[in-house]
Amino acid sequence: MVLDTFDQFAADRIDRLLRFATALTCDPHLAQDVVQEVLVRVQHKWARIGPMQARDLYVRRMIINEYLSWRRRKATRTVTASHSTLDALGTPTADPATGYAERDAMRMHITRLPRKQRAALVLRYYEDRTDAEIAELLGCSAGTVRSHISRALSTLRANHQHPVREVLS
Amino acid sequence: MTYDRTEQLIRDVFADEAAGAVDPRQVLAGVRGKKPRKSYGLMLTTAAVVVVVAAVATFVVPEVFKRSSATPPVGSERQQEQTAAITPTNVLVIGTDTAGYTDSIVLTQVAADGSVNLVSLPRDSWVSSAGKNVRLNQIYQTAGADALLAAVSDLTGVTVDHYLAVDTAAFRDLANAVGGVEVCLLSATKDDLAGANFPAGKQTISGDAALAFVRQRHNLPNGDLDRIVRLQAFLRSLATKLKGTDLDKLVGAVQGKVTTDPNLDLLGLAQALANAKALHVGTIPIGNIDFQPAGGGGSVIEVDPAQVKQFVTDLPSTPPATGDVPCVN
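Those sequence lines, one after another, are chains E and X. Under numbering that gives the first Met the number 0, read the first sequence as residues 0 to 168, first letter to last. Under numbering that gives the first Met the number 0, read the second sequence as residues 0 to 328, first letter to last.
There's no promise every hint is true.
Derived list of chain X stretches under chain E, where covered just means 3 residues or more per stretch with a C-beta under 8 angstroms from a C-beta of chain E [what the hints assert, rightly or not]:
#, segment
1, 18-27
2, 109-116
3, 196-202
Just a few of them, taken from the derived set where beta-carbon distance is under 7 angstroms, the chain E residues facing chain X [said to hold, decoys possible]:
#, residue
4, 15
5, 18
6, 32
7, 106
8, 124
9, 126
10, 127
11, 156
Here are the simulated distance ranges between beta carbons [said to hold, decoys possible]:
#, chain 1, residue 1, chain 2, residue 2, range
12, E, 140, X, 313, 51 to 59 angstroms
13, E, 139, X, 87, 42 to 50 angstroms
14, X, 286, E, 49, 38 to 46 angstroms
15, E, 57, X, 22, 19 to 27 angstroms
16, E, 49, X, 131, 28 to 36 angstroms
17, X, 194, E, 140, 27 to 35 angstroms
18, E, 60, X, 5, 21 to 29 angstroms
19, E, 143, X, 289, 26 to 34 angstroms
20, E, 139, X, 245, 54 to 62 angstroms
The set of hints was computed from the structure by calculation and includes no laboratory data. Beta carbons are placed, not taken as given, at the ideal position from N, Cα and C, and that holds for glycine.
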């Protein structure tokens, strides 16, 4: 394989990285900051990262760490953009199997989850990754990944049973 | 297949969020604009520039010369002329939704005798990629086009040289460009989410209806597997319509909505499809469609690489698709 340049790498990956970071942060602008910050660092260390076998995994891990530490710094930050805002920003032409109101409520419950649980959910349900891969990305054991996901699911399921009360509270 | 509403909601929420990402160009500009923090960064940039210049000199320049010397004469006869010398080509056509998921994956083989094979690979196929087992539709998004080409080459035994990634929304323009595509449904069907509302029987669809036809997977007896059959029926009808179409214009209409490897000849591919001597269409053989891998992550479809290779080898000698419009779910 011919070694590609950072510019080629960035141009090829940026779209997917941004989408991933946006799903992770539930905030397109925070996602932009996170991805930009990480890519500047990748560019800086390209001589080392470029030839790495698992560099895609490595860069994703950088993004997750950046997100986790960002959240720590801005612990009180709240995510308020609702669907109407996001619809105005992006083109919502995915292929959803569920209704808007229901998804909006679910989105709110997801943004309230502890950050590691949320990161685990994004890796499982957005990137379709296995427990082992998620464990590698989050730097924990597969058992911890399973517990993150099962806790997140039981919280979301419980809230999903009482959507109206939760939305209005 | 198992269906869990909470999990489906979570998937849809993340897909929605991802679709709201900012313009990548904006972020790239921000990265390039930032000065490296240490001085050896400058050396790195210089090195990168040297590598790019060398790459351009080595690959792009000869390619441009080759292309300009090989440019066919402008004129209406050129479509026919092109069929004289056919270069066998294998192209992976990747249909993506807005979130970047590869919903449809079709291996398109143009054979030396001018026949064309279309092999559908279900998106939930459980395949090997870089030594690990993964869901087929996760490779493009997480590891890129090259990794997907490698995985499909391994699975099918066919060396795939090119790819063509197309936003499924482009089917709207494709159907319009050929003046509508004829399809046939076994029964009336409706799916608000895909915007589908079709009566039973033969009908000519274009625009949003064409998009809904290739996207609908809910309220169908076999979900995504029915969607695959629909796409095949759509592509068969589309191929018959391509014969009378201005392909330059068609390629122009979709060019902005596709991503390809640098060497794919899009017009050549459209011509090969339009002038196909025979069209063979099929889906790779599948095993258990509700296989639960040990690592979790929901059900996937088992495929046997040996059976897949046999199928791909045998497909060209099966009876070709006729001009009839098959009725589908």
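Hints versus structure:
Three residues within the 8 angstroms Cβ limit are the bar, and the segment 18-27 of chain X against chain E gives 8, so the coverage statement holds. Look at the segment 109-116 of chain X against chain E: 0 of its residues bring a Cβ nearer than 8 angstroms to a Cβ of that chain, fewer than three, so the hint is violated. Given a C-beta distance limit of less than 8 angstroms, the hint that chain E covers the segment 196-202 of chain X is violated, as 0 residues qualify and 3 are needed. Interface hint status for residue 15 of chain E: upheld, as the beta-carbon distance to the closest one in chain X is roughly 6 angstroms, under 7 angstroms.
Because the closest C-beta pair between residue 18 of chain E and chain X is about 4 angstroms apart, less than 7 angstroms, the hint holds. Hint status for residue 32 of chain E relative to chain X: violated, with the closest Cβ pair at about 9 angstroms, above 7 angstroms. Because the smallest distance between the Cβ of residue 106 of chain E and any Cβ of chain X comes to about 5 angstroms, under 7 angstroms, the interface hint for this residue holds. Taken as an interface hint, residue 124 of chain E checks out: its beta carbon lies about 5 angstroms from the nearest beta carbon of chain X, inside 7 angstroms.
Interface hint at residue 126 of chain E: satisfied, since its Cβ lies 6 angstroms from the closest Cβ of chain X, which is below the 7 angstroms cut-off. Taken as an interface hint, residue 127 of chain E checks out: its beta carbon lies about 4 angstroms from the nearest beta carbon of chain X, inside 7 angstroms. Because the smallest distance between the Cβ of residue 156 of chain E and any Cβ of chain X comes to about 5 angstroms, under 7 angstroms, the interface hint for this residue holds. Range check, residue 140 of chain E to residue 313 of chain X: Cβ separation about 46 angstroms, and the 51 to 59 angstroms hint is violated.
Checked against the given bound of 42 to 50 angstroms, the beta carbons of residue 139 of chain E and residue 87 of chain X, roughly 49 angstroms apart, stay inside it. In this structure the hint that residue 286 of chain X and residue 49 of chain E lie 38 to 46 angstroms apart at CB holds, the actual value being about 39 angstroms. A beta carbon spacing of about 25 angstroms between residue 57 of chain E and residue 22 of chain X agrees with the range 19 to 27 angstroms that was offered as a hint. Restraint check, residue 49 of chain E to residue 131 of chain X: a C-beta distance of roughly 22 angstroms breaks the suggested window 28 to 36 angstroms.
Between residue 194 of chain X and residue 140 of chain E the CB atoms are about 44 angstroms apart, so this pair departs from the stated range of 27 to 35 angstroms. Checked against the hint of 21 to 29 angstroms, the pair residue 60 of chain E and residue 5 of chain X passes, with Cβ atoms roughly 27 angstroms apart. Remark: the range hint 26 to 34 angstroms for residue 143 of chain E to residue 289 of chain X is upheld by a beta-carbon distance near 28 angstroms. In this structure the hint that residue 139 of chain E and residue 245 of chain X lie 54 to 62 angstroms apart at CB holds, the actual value being about 57 angstroms.
Consistency with the previously given hints fails for numbers 2, 3, 6, 12, 16 and 17, ordered from lowest to highest.
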